[in-house]
Structure formats: C-alpha cells, structure tokens
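Sequences listed follow chains A and B, in order.
Be aware that the first sequence starts at 942, since it is given in my numbering, and climbs by one per residue.
Be aware that the second sequence starts at 942, since it is given in my numbering, and climbs by one per residue.
Rather than coming from a laboratory, the hints here were simulated on the basis of the structure.
Hints should not be assumed to be uniformly reliable.
Which copy is meant is left open, because identical chains are indistinguishable; a pair holds if it fits in one copy or across any two.
Claimed, not checked - Think about it this way: if two alpha-carbon atoms lie no more than 25 Å apart in a straight line, the pair counts; the simulated BS3-like pairs of lysine-lysine are:
1. Lys1267 - Lys1155
2. Lys987 - Lys1088
3. Lys1010 - Lys1026
4. Lys1044 - Lys1321
These are the residues of each chain, in order.
Number of protein chains: 2
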Amino acid sequence: MHCKSAELAVQAGLVHNYGSGTFGFSHLGQKVLDNIESVIRKEMDKIGQEVKMNILQTSEMWKKSGRWKNFEGEEFFNLTNRDDKDLTIAATHEEASVELTRKYIRSYRDLDLTIYQIGRKFRDDHARNGLLRAKEFVMKDAYSFHKHEKGLQRKYQEFLDTYRNIFDKLGLEYSVVAADNSSMGGSQSHEFIAEAEIGSDTYLKCENCEFGTKNLKHETCNQCSSELRKVNGIEIGHCFKLGTRYTNSMDLTFDTKNGDEEQVTMASYGIGVSRVISAIIEQNHDEKGITWNERVSAFEFSVIAARHEDEAQEKAEQVYRELEDKGAEVLLYDGQQSVGEQFRDSDLLGVNRKIVIGNKFLEEGLIDVEDRSGDEREFKAEKLVEEAT
Amino acid sequence: MHCKSAELAVQAGLVHNYGSGTFGFSHLGQKVLDNIESVIRKEMDKIGQEVKMNILQTSEMWKKSGRWKNFEGEEFFNLTNRDDKDLTIAATHEEASVELTRKYIRSYRDLDLTIYQIGRKFRDDHARNGLLRAKEFVMKDAYSFHKHEKGLQRKYQEFLDTYRNIFDKLGLEYSVVAADNSSMGGSQSHEFIAEAEIGSDTYLKCENCEFGTKNLKHETCNQCSSELRKVNGIEIGHCFKLGTRYTNSMDLTFDTKNGDEEQVTMASYGIGVSRVISAIIEQNHDEKGITWNERVSAFEFSVIAARHEDEAQEKAEQVYRELEDKGAEVLLYDGQQSVGEQFRDSDLLGVNRKIVIGNKFLEEGLIDVEDRSGDEREFKAEKLVEEAT
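With the sequences and hints as input, model every part of the structure.
Written out as structure tokens, the structure reads:
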C-alpha cells in the first residue's frame, strides 16, 4: 500500500531519508517536531520530572534485568567497543530508569516518583513507511515508581488521561485498546492507536467512544453497546503496568513506614513522537498537501505578494516583519517561485493561513487571508496584523 | 589530579554515572542542561536554522567522504546489524550535513546556508573526569555552506562572535586559540578554551585579552603585548574552516549566476554542551559547592523554613507558591532535613538565593534573602515576592 505520510513528509521537505530507516529533520521538520514536543512536555511536566538517560548503555544492567540474553539476533543494536566491552544503543530505558532513580528512592517518603525524557531510540526493525517504522526514532518515554499497587493504579490513570489530553491537543483521532504486554513483562497495558489504513495494527474500533480491542471476536463495545468496525491503525502510545518485574531482578527497594524493606512497584509509558508526525499527516491531508492542526504547523502564516509592483512587495515584507515581531511563525516567499507555486507550496506544507497581497490591495487597500481549509476573510491593510493575530 | 567538577556534579545530584563514561542527567541536571541549551539556542537562531540529523548512520556517506577507513580500531563506534549492514553511531555530522542540505542547495541563491543541532555524540574515548571526557556527550554542532571564501570568512567571524556571546552569557572565562585542524582536514580553526587545572589542553594564555596559543615558543601576546602564562584548559568550542574538503569528495555543487557549476565551500562549528557544565563548575565553585551563573542555575530561589512553628511553615509554602506563580524556579525543602542541612544543600546545588523564614519573621515579620555569595537583604514579608523577583 502507498504511504501518503511518507510521501508528503518528503515532498514538503520535513525529513530527509538517509537510507535504511534513518531520517534527518530539516528546519521545517524540526519546527513541527518542536511543536509536538512542546505539547507533550507541557502535559508531562504536570505529572513527572524531565530527565535525560544514556543512549549508549553497557551490558551490566541488562544482564541484571535478564534481558541481555534476548538481544542475540533480535531488534536490538549491539556492539563491542575497542576495549571489548559489550554495549547497546538504547531501544528502551526500563533498566536505565531503575539505575537513575535508585539513589533518590530510599524510603516511602520518596515515592511516588515519575520521570520522563524525550529523545532518540533505536531498533533494528525492517524500515517501512517513512517515520512509521524506522531504525532510529524520537520517543517520549516515562517511568513511574510506587510504594504499592494503589499508587501505581492512580498514576497509571493519570497517564491515560494525560495521553488523551496530548493526543486531543495534537488533533489525532484515536482508540484506547487494552493490550497484551508480554514484551515488557507486566500485568496490563493500554495502547493508543490512531486509525490509518497504512497502520500495521488491526483492531476493532467503536464508532461512538474511544474503545477499541484487538480481540477480533468482540461484536459490540461494552462501554456504549455500539457496533465495532475492523480497521487498521498506528500505535502512537503505550502504557505498561510492570509491577515488580524490573525492581525484583534489579533489586530496587524502599523502607516502609514500619521500617520494612519492600520492592518498588513500577510502570512505563511511551509516545512515539516521530511516528505521531506520520499519524497526524495520515489523518490530516487533502489533495493539496498537509492540513496540520494549528498547534503543530511549522508556520501560522505565509505571506504571498501576488503582484510584482513595488508597493505589493514592500507591503508583504512589512506584514512579514510585523507578524514576526508579534512572535508568529511566518513564511515569506522571496519571489523566486511563481504566485501559483507559492500557493501550492504553502498548502503542501500545511501553513495555517495565507496572506495574499494582490489586486485588491493595490486597488482598495484590502488584504485577503485564506485559511488552509479555503475560508477567506478580507482585512483593511492597516489593521491586518492587529486583527489577524 | 582530583576532578572537582566530576565530584560536585555527582554530589549535587546533577548526573548519574552509568559506568564506562556514560551518564544520565537527573531532573536537576536536566534543568541545568536546559538553561545552557536555551542560551545557546537563542544566539544560534540569529545565525542559523535548527535541524536534527541521524545518530545511527550507514557507512555509505562516510565512504564517499573517505573517512570510513579511519574508523578501524579508532574512537568511532561501529556495528554491523542483523542484515550485515555497516553502521556507526555519529561522532560528528559533516557527512550527514552535506547529505541533508544537498536538496536545498541548487543555485547561488540558496547560499549561504547555516544549520545547527543540539544532540548526543559518541566517541570511544577513555572515560575520565566525569562529563569532561565521556563516551556519550551532548554537543551543539553547526555547518555552514557558502558560494565562496568571502562568504565563509564572514560567517566564520559571525560564529566566533556568537561563541563569545554564548560563553560570556554562561559566565565562562576563556581564551581563543588559533589551532591545528588536521582531524577535520581544513585550512584554519579556532578553539575556545576555558582555563581549568584539570583540563587536558596546555596553552599560553594572555592575561589581558582573549588571546591564547598552543605554540609554547610564544613569549608575548601579539594583540596587546602582554605576558603569557602557561596554563591548562578545557576545550569548550571549536570552529573549523573546511573549504571544499567534504564538498569535493561528496560532490556538493551549486550553479553560479553565470550558469557554471562550482563546489560549495564549507565550515563546521562545535560547542561541547555537557562539557561546558564541567567547565562552569571548575571555574565557579567554593568550599560549599557550586556557584552557578544566574542563567545556568537550576533554581533561582530556595525557601527554607528555619523554625518549626506552623506560621513559619505556612509562610514558606505561600512564598514558594507565589514565586512559582511568577514563573521562578524555586526549591522548597519539605522539612525532612535539618535547617543546617537545608542551608548546606542549597549552597551545594548553587541555588542563586536562599529565602530564610526564621526568628525575624516570627518576631518582626521580616524575611532574609541571602545571595549565594553570602550577601544578605531583609524584606518585609508582605513585600518579599514583589520586591525580590
């Protein structure tokens, strides 16, 4: 099947494909990534503390958790350095998070503790569909540590709500699917899946609520008795209740109020940040290009001088400067492309609004502002910046 | 020799040493890193565009540039994946920057072009002195592309000035040393070196200006005729004129105004972001701990309730909330530690100002604010937040 998001991401110049499932982000792509990360960070800062863990990891902690042996021939990148040390490039950070928090967790007073990071992850996956399945990708991962099941339960619910907020703000349509989490070794997990034909997850989606299931024998939705529809989707988030799977093997304990020593209880949570870009594009495009949610778009405005007269060109530059001074992200075309090309480019990139300085400006001092959806509004030139922002 | 910055970074809880020269940043460390990155980003955005290049890189582009053969047994991390593909974890991004910009550079109109990123780099160095010499580190790297030597010259000067601004804002003392750049293969380079006993670079430093030299035969400084002193220092930044070293071998050309095809001229520029943390601590500490520059410190204020009376405790919480509401970064002690420990901890972390709610508050409604340097000022309780921020 044809992957529209991979095609549009390259056409719009968001990403450069370095080959073999590794990508770079142009300045435009970096802006989009930044916008998405800002939405995530704002919500995550309410429930956790940002940290930065190591990408290059020695084998010791993976041997403690018992996962090093899974590495042979699997989707982990291993290497041996010039001192013959076994290393891996992080595919996930459960082990690293246990080691990082160990010195901050002594007693029940130090719990709950929640950390998160936004950074690169690596998996030796077979590259497919652009950012959807890449060997290197951007991920927000989080780890929470608790005194008991009740605390974990509460934080886990908080995460589910936070993820809903994040994906709502990013303008994604998604289902929440209770899932099998054997790969992480815990008791329960929830996947957030964004419907998309190209997606590799097949599930039943409720038409009326967020419920989804991968158990294809279901017939109706328990929550709202609505019908289910079999669709494909993209996994954009995943929450795992890990219990003591890692804290047992890696011996992470805390002192209780009574002076006993107990195992810390744990959960982990991920959002595939670069994959979210693909999911947004899959769900938000038309024949002209990408139709970003306003929060995600790299540019709020493009300024197009549709006439060659100096007066129009100068006005375009003036509008550009005034908008920039107001802190807006603005794309000003430099006149190398034809007016038609400028329109097409602005729509391809998914700029929220085009400001067009053309005939009406020269004749009547009026400037057109056209939404990405096609809706138009006219402003008096001298009031444009004030009223359009 | 004893590395004070490595000791203080761990004591203050900024970093966790995962072993073998790999580190993680706690929430506190992440805040410091964030502050440093913000200073860098603000200056860099004036002269370049932020991008994000791939960490996991295939061998192809390194073979094109001719540097793949340098990798054997050297400080590059190489690996072969399960499909028998040769990969490396990026030590530097000259090659990747040429590939990323290739499609944006067609004609003379597209130049100059300057890109930068802030991210992780990897070198199989022998780990030493904490963040000073690590296998994984944070770096700001930039690459500029030009039509001719004159354009490169101009941008290169702009970078030298930008680096001065950045290091000045970070409160670092440094020299600018014209250096040999055989490793990158260009014609000229400048190193920014921060004086520190622990540093591995030995150079002659002018006492009266920024001049430094690694040519130990120099006797006086050309610029100001002052005497030179032989010192050690930490390399915090490096600018390289690369010329056509990479654009030749990787065939990056542009169309001139006359329709000819010419080689793009190039330079690269780096700042060792995590190493800057070490350099700042080496230059800014006393017997109590770290004395951050105000821009870098994780916390502007700590709030210490020096009396156990409810009135003092409640006031502390109120001051904390009001400062937070004003957008300040504030550390509130929860009373688990003794007052003496709170003072010592605040000074160890390098919090800019301690707000002490003690006897004077209970008796006269006065609150002490003590700078990290020891200077004290008294405020009326009700005016504290307004006047101290």
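Now the hints, each set against the structure:
no., hint, in the structure
1, Lys1267 - Lys1155, "neither (48 Å within a copy, 47 Å between copies)"
2, Lys987 - Lys1088, "within (20 Å within a copy, 48 Å between copies)"
3, Lys1010 - Lys1026, "both (16 Å within a copy, 22 Å between copies)"
4, Lys1044 - Lys1321, "neither (62 Å within a copy, 39 Å between copies)"
The structure fails to meet hints 1, 4 from the earlier list, while all remaining hints are met.
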